[in-house]
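With the sequences and hints as input, model every part of the structure.
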Amino acid sequence: GTGNVPIAVVIHIMEGTLAGTDNWFNNPISKVSAHYGVGQHGEIHKYVREADMAWHAGNVSSPTWKFLKPNLNPNLYTIGIEHEGTVKVPWPDSLYNTSVPLVKWICQRWNIIPSHDTIIGHHEIYSIKSCPGLWDKEKYLYELTGIA
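Just so it is clear: in the sequence shown, position 69 is 60 by the numbering used here, and no numbers are missing.
Because the hints were derived from the structure by calculation, they are not lab data.
Accuracy of the hints is not assured; some may be wrong.
Said to hold, decoys possible - DEER-style ranges, computed between Cβ atoms:
#1 PRO92 to ASP13: 14 to 24 angstroms
#2 ASN88 to THR8: 27 to 37 angstroms
#3 SER21 to SER52: 12 to 22 angstroms
#4 ASP13 to VAL80: 15 to 25 angstroms
#5 GLN31 to ASN62: 35 to 45 angstroms
#6 LYS57 to GLU34: 27 to 37 angstroms
#7 LYS60 to ILE35: 22 to 32 angstroms
Said to hold, decoys possible - The list that follows gives simulated cross-link-like pairs (lysine-lysine, DSS-like), each with its CA atoms no further than 30 angstroms apart:
#8 LYS22 to LYS37
#9 LYS95 to LYS120
#10 LYS128 to LYS95
#11 LYS37 to LYS130
#12 LYS128 to LYS57
#13 LYS95 to LYS57
#14 LYS37 to LYS57
#15 LYS60 to LYS120
#16 LYS130 to LYS120
#17 LYS128 to LYS79
#18 LYS79 to LYS37
#19 LYS57 to LYS22
#20 LYS95 to LYS22
#21 LYS57 to LYS79
#22 LYS128 to LYS22
#23 LYS130 to LYS79
#24 LYS120 to LYS79
#25 LYS37 to LYS95
#26 LYS22 to LYS79
#27 LYS57 to LYS130
#28 LYS130 to LYS95
#29 LYS22 to LYS60
#30 LYS60 to LYS130
#31 LYS120 to LYS37
#32 LYS60 to LYS128
#33 LYS37 to LYS60
#34 LYS120 to LYS22
#35 LYS95 to LYS79
#36 LYS37 to LYS128
#37 LYS95 to LYS60
#38 LYS57 to LYS120
Even for Gly, the Cβ is constructed at its ideal location relative to N, Cα and C.
Put into structure tokens, the structure is as follows:
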């Protein structure tokens, strides 16, 4: 482990399939990873232990995330979850139905209070990308917290 405690969950879109992401993360040339991958059919693949750093959100560009720590790689204090799909296609209910309970469980174990500032889209750190695409953050947070 890195000794750092996660304070937020970063939501990503794979720009492809779960199988393709499995292969890419297993390729040493990729130099990228995430803690979890969520498939369109309810699968959850664990790639990296939560206590260890995954390489999912280290590039920072015009960030809007208010808990970003200056001069500290965001990978050190976030958990990254990739979701099967592409930026141009709205998330099917199946992704919400699998991802929300996973994030709820992560938040409980790391004492993260789910909010706009602790459950964030990748674009809130790296604005050059539109990742996680057509993710409905309001719907997601409502399903996570029950608070509109």
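Evaluated hints:
1. PRO92 to ASP13: 14 to 24 angstroms: Given range 14 to 24 angstroms: holds, Cβ gap about 21 angstroms.
2. ASN88 to THR8: 27 to 37 angstroms: For ASN88 and THR8 the Cβ distance comes to about 18 angstroms; the hint is violated.
3. SER21 to SER52: 12 to 22 angstroms: holds (20 angstroms)
4. ASP13 to VAL80: 15 to 25 angstroms: At roughly 20 angstroms between Cβ atoms, VAL80 and ASP13 fall inside 15 to 25 angstroms, so the hint holds.
5. GLN31 to ASN62: 35 to 45 angstroms: Distance hint for GLN31, ASN62 holds at roughly 38 angstroms.
6. LYS57 to GLU34: 27 to 37 angstroms: The hinted range 27 to 37 angstroms holds for LYS57 and GLU34, with Cβ atoms some 32 angstroms apart.
7. LYS60 to ILE35: 22 to 32 angstroms: Holds: the Cβ-Cβ distance is about 28 angstroms, inside 22 to 32 angstroms.
8. LYS22 to LYS37: holds (17 angstroms)
9. LYS95 to LYS120: It holds: about 26 angstroms lies between the C-alpha atoms, which stays within 30 angstroms.
10. LYS128 to LYS95: holds (14 angstroms)
11. LYS37 to LYS130: holds (24 angstroms)
12. LYS128 to LYS57: Cα-Cα ~16 angstroms, so holds.
13. LYS95 to LYS57: holds (21 angstroms)
14. LYS37 to LYS57: Roughly 28 angstroms between the alpha carbons, so the hint for LYS37 and LYS57 holds.
15. LYS60 to LYS120: holds (20 angstroms)
16. LYS130 to LYS120: The given pair, whose Cα atoms are some 21 angstroms apart, holds under the 30 angstroms limit.
17. LYS128 to LYS79: holds (15 angstroms)
18. LYS79 to LYS37: holds (25 angstroms)
19. LYS57 to LYS22: holds (27 angstroms)
20. LYS95 to LYS22: Given that 30 angstroms is the threshold and the Cα spacing comes to 28 angstroms, the pair holds.
21. LYS57 to LYS79: holds (26 angstroms)
22. LYS128 to LYS22: Given pair LYS128, LYS22 holds - Cα atoms ~28 angstroms apart, limit 30 angstroms.
23. LYS130 to LYS79: holds (18 angstroms)
24. LYS120 to LYS79: holds (12 angstroms)
25. LYS37 to LYS95: Status holds; Cα separation ~16 angstroms.
26. LYS22 to LYS79: With a Cα-Cα distance of about 25 angstroms, the restraint between LYS22 and LYS79 holds, given a limit of 30 angstroms.
27. LYS57 to LYS130: holds (21 angstroms)
28. LYS130 to LYS95: holds (14 angstroms)
29. LYS22 to LYS60: holds (23 angstroms)
30. LYS60 to LYS130: holds (27 angstroms)
31. LYS120 to LYS37: holds (24 angstroms)
32. LYS60 to LYS128: Distance ~22 angstroms between LYS60 and LYS128 Cα, so the pair holds.
33. LYS37 to LYS60: holds (26 angstroms)
34. LYS120 to LYS22: holds (18 angstroms)
35. LYS95 to LYS79: This hinted pair holds, its Cα atoms lying about 26 angstroms apart.
36. LYS37 to LYS128: holds (23 angstroms)
37. LYS95 to LYS60: holds (24 angstroms)
38. LYS57 to LYS120: Satisfied, since the Cα-Cα distance of roughly 18 angstroms is no more than 30 angstroms.
In summary, the one numbered hint that this structure violates is 2.
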